[in-house]
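Work the whole structure out from these sequences, hints included.
Line by line, the protein sequences are chains A and B.
So the mapping is simple: the working numbering equals the position in the first sequence, first residue as 1, plus 3.
So the mapping is simple: the working numbering equals the position in the second sequence, first residue as 1, plus 8.
Treat the hints as calculated values from the structure; they're not laboratory data.
A virtual CB, placed ideally from N, CA and C, is assigned to each residue, including glycine.
Incorrect hints may have been included.
[As the list claims (entries may be wrong)] One-sided and incomplete, this derived list gives chain A residues near chain B with beta-carbon spacing under 8 Å: (1) 314; (2) 337; (3) 350; (4) 354; (5) 359; (6) 363; (7) 483.
[Claimed, not checked] Rough simulated footprint, nothing fancy, chain B against chain A, three-plus residues with beta-carbon under 8 Å: (8) 316-330; (9) 365-373.
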Amino acid sequence: MAAAVCIGSGAGVSAVIGSAADIAQQIADGTRSAAALLKECKALIEARDPDLNCFTAKTFQRAEREAAAIDGLRAAGKPLPPLAGVPYAVKNLFDVEGMVTLAGAKINAGNAPAAADAKIVARMSRAGAVLVGALNMEELAYGFLTENHHYGTTRNPHDRTRGAGGSSGGSAAAVGAGMLPITLGSDTSGSIRVPASLCGVFGLKPTYGRLPRSGVYPFVNSFDHVGPFANSVLGLALSYDAMQGPDPADPACAQRAIEPAGVSLSLPRGIRIGILGGWFHEWADPAARRSVQLAAAALGATEWTELKSAEVARAAAYIITGAEGGALHRPRLIQQYEDFGPSSRARLVAGSLIPATWVIQAQRVRQQAYADAMDLFERFDLLIAAAAPAVAPRIGQETLVINGRSIPTKAGLGVLTQPISCIGLPVCTVPVWPGEGESPAERALPVGVQLIGAPWREGMCLAAARTLEQAGIAEIRAPPG
Amino acid sequence: MPQRAWDQRDLRQDERRLCDDRTMTEGHDNPLESYVRAALALQGYTFDDAEIAEIVMQFSRLEAIAQTVMQWPLPFASDPAPVFRP
Numbered sequence: 004m005a006a007a008v009c010i011g012s013g014a015g016v017s018a019v020i021g022s023a024a025d026i027a028q029q030i031a032d033g034t035r036s037a038a039a040l041l042k043e044c045k046a047l048i049e050a051r052d053p054d055l056n057c058f059t060a061k062t063f064q065r066a067e068r069e070a071a072a073i074d075g076l077r078a079a080g081k082p083l084p085p086l087a088g089v090p091y092a093v094k095n096l097f098d099v100e101g102m103v104t105l106a107g108a109k110i111n112a113g114n115a116p117a118a119a120d121a122k123i124v125a126r127m128s129r130a131g132a133v134l135v136g137a138l139n140m141e142e143l144a145y146g147f148l149t150e151n152h153h154y155g156t157t158r159n160p161h162d163r164t165r166g167a168g169g170s171s172g173g174s175a176a177a178v179g180a181g182m183l184p185i186t187l188g189s190d191t192s193g194s195i196r197v198p199a200s201l202c203g204v205f206g207l208k209p210t211y212g213r214l215p216r217s218g219v220y221p222f223v224n225s226f227d228h229v230g231p232f233a234n235s236v237l238g239l240a241l242s243y244d245a246m247q248g249p250d251p252a253d254p255a256c257a258q259r260a261i262e263p264a265g266v267s268l269s270l271p272r273g274i275r276i277g278i279l280g281g282w283f284h285e286w287a288d289p290a291a292r293r294s295v296q297l298a299a300a301a302l303g304a305t306e307w308t309e310l311k312s313a314e315v316a317r318a319a320a321y322i323i324t325g326a327e328g329g330a331l332h333r334p335r336l337i338q339q340y341e342d343f344g345p346s347s348r349a350r351l352v353a354g355s356l357i358p359a360t361w362v363i364q365a366q367r368v369r370q371q372a373y374a375d376a377m378d379l380f381e382r383f384d385l386l387i388a389a390a391a392p393a394v395a396p397r398i399g400q401e402t403l404v405i406n407g408r409s410i411p412t413k414a415g416l417g418v419l420t421q422p423i424s425c426i427g428l429p430v431c432t433v434p435v436w437p438g439e440g441e442s443p444a445e446r447a448l449p450v451g452v453q454l455i456g457a458p459w460r461e462g463m464c465l466a467a468a469r470t471l472e473q474a475g476i477a478e479i480r481a482p483p484g
Numbered sequence: 009m010p011q012r013a014w015d016q017r018d019l020r021q022d023e024r025r026l027c028d029d030r031t032m033t034e035g036h037d038n039p040l041e042s043y044v045r046a047a048l049a050l051q052g053y054t055f056d057d058a059e060i061a062e063i064v065m066q067f068s069r070l071e072a073i074a075q076t077v078m079q080w081p082l083p084f085a086s087d088p089a090p091v092f093r094p
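Structure below.
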């Protein structure tokens with residue numbers, strides 16, 4: 004497979020970048036140089052990004068240096084790292100040396116440039132990956148849309164009248180548009196899984212504390228996770244493995260040794276898979292339910308179960324998010340209220356007024372919900388549920404109607420992800436194309452499926468994703484030309 | 009978590025009462041608005057009435073969701089989720 008290939012023919016032809024594993028292999032065997040691959044990648048970005056608005060900054064000079072270093076290693080006959088020459092980009096809340104870390108916010112635009120890369124960006128560099136830019140996001144990571152008041156809306160690569168989801172919208176859309184094989188994002192309440200679902204790409208939210216967050220702009224310390232998006236499961240696993248490892252600089256980072264997931268992506272025999280009903284079924288529309296049905300059938304899952312505290316876990320996450328996010332930004336809300344986007348500033352202030360009794364109760368609920376989930380993992384090895392309640396909403400759509408019930412779009416897109424990140428479980432989101440909807444446009448859009456593991460079992464989630472990828476149920480589709 | 013004798017108390021009523029203390033606030037028709045105005049002053053914010061109205065609306069959404077949390081039955085001694093690791 005070529006690193007950059009054409010899919011389809013005639014009208015609708017789209018060039019898309021290859022997978023991370025293919026690119027690394029081609030560079031290792033000399034089929035293509037890292038510099039040549041980077042040139043192709045830059046051409047894809049320059050051609051496609053103006054319509055989609057994924058990038059807020061490009062780091063092509065750095066990328067050229069990193070690509071040249073990889074080509075130099077190969078020319079010298081030295082061993083190449085696992086992601087040698089693989090281009091990637093990061094949500095603009097990761098520190099990148101020499102760049103201002105925006106976190107999607109005007110209030111950060113005047114900050115000093117980062118003195119060093121975020122820990123996981125440094126680890127990606129060490130693994131040979133080539134950084135090409137920073138990506139758009141919801142302001143301060145607060146919301147599921149990436150309709151950013153300051154830096155514009157990121158459009159969905161499969162339907163440009165629709166949103167990419169958020170808050171890591173640029174990260175998901177850049178992969179979905181075929182510009183990049185890997186990007187990095189963060190997930191506090193669903194900000195990897197929701198945009199992965201809406202843009203039809205793979206996404207991994209590891210266990211809370213697995214990947215270090217040092218050098219990552221914070222939002223809610225209790226829930227902030229970081230993780231990759233990719234156009235293949237192996238790409239997801241390779242980048243995840245490259246970023247693992249303890250980091251004393253992040254107090255929430257578990258000081259665990261690396262547990263490589265990419266070495267074996269096979270599901271064990273006799274795996275017990277539960278389909279989450281209750282809350283997760285009620286808040287899934289027919290398209291989302293169809294995605295779950297397709298994934299369940301391919302995995303041989305037939306047993307339904309319930310996470311009984313899902314609704315209250317979501318509510319607890321909502322309260323903790325409001326309180327921690329509001330408290331974090333309070334000083335600047337007092338001084339620079341007008342510089343915050345109109346869709347986030349009043350929410351942030353309201354969050355900063357939450358009484359301590361609500362927060363403490365929410366943290367107790369969180370612990371109880373975790374215990375409930377552990378009970379489920381006595382009976383199951385993996386749980387599955389939709390990653391979003393519906394296909395991507397139209398840009399500016401204020402309300403989602405799910406099975407007759409209305410919910411604000413900005414918060415409602417996370418209704419199925421928030422209960423899971425509240426308790427820190429690892430989740431791999433896979434792109435499924437249900438073919439359901441009221442219009443041909445809707446029937447052409449994906450709804451992702453969450454493959455939810457017990458804590459520290461990312462390998463199980465990735466193996467299930469690989470099974471679905473091999474079965475053709477989870478797939479990357481080229482965007483319309 | 010093992011149940012202790014004092015876990016058997018139903019604290020939901022206590023918590024509900026705490027949560028409903030807002031209804032005792034005087035001075036405005038909307039008790040949430042009274043709380044928000046007082047809390048804004050305590051936290052050092054200065055806003056005009058239009059901005060406060062928007063914040064009250066956002067806070068009312070939080071309050072509605074908080075009801076689910078506050079009414080959830082928990083053992084008296086249940087711990088908050090830990091983060092701090094000395």
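We went through each hint and held it up to the structure:
| no. | hint | verdict |
| --- | --- | --- |
| 1 | 314 | 7 Å, holds |
| 2 | 337 | 6 Å, holds |
| 3 | 350 | 5 Å, holds |
| 4 | 354 | 7 Å, holds |
| 5 | 359 | 11 Å, violated |
| 6 | 363 | 6 Å, holds |
| 7 | 483 | 37 Å, violated |
| 8 | 316-330 | holds (count 5) |
| 9 | 365-373 | holds (count 8) |
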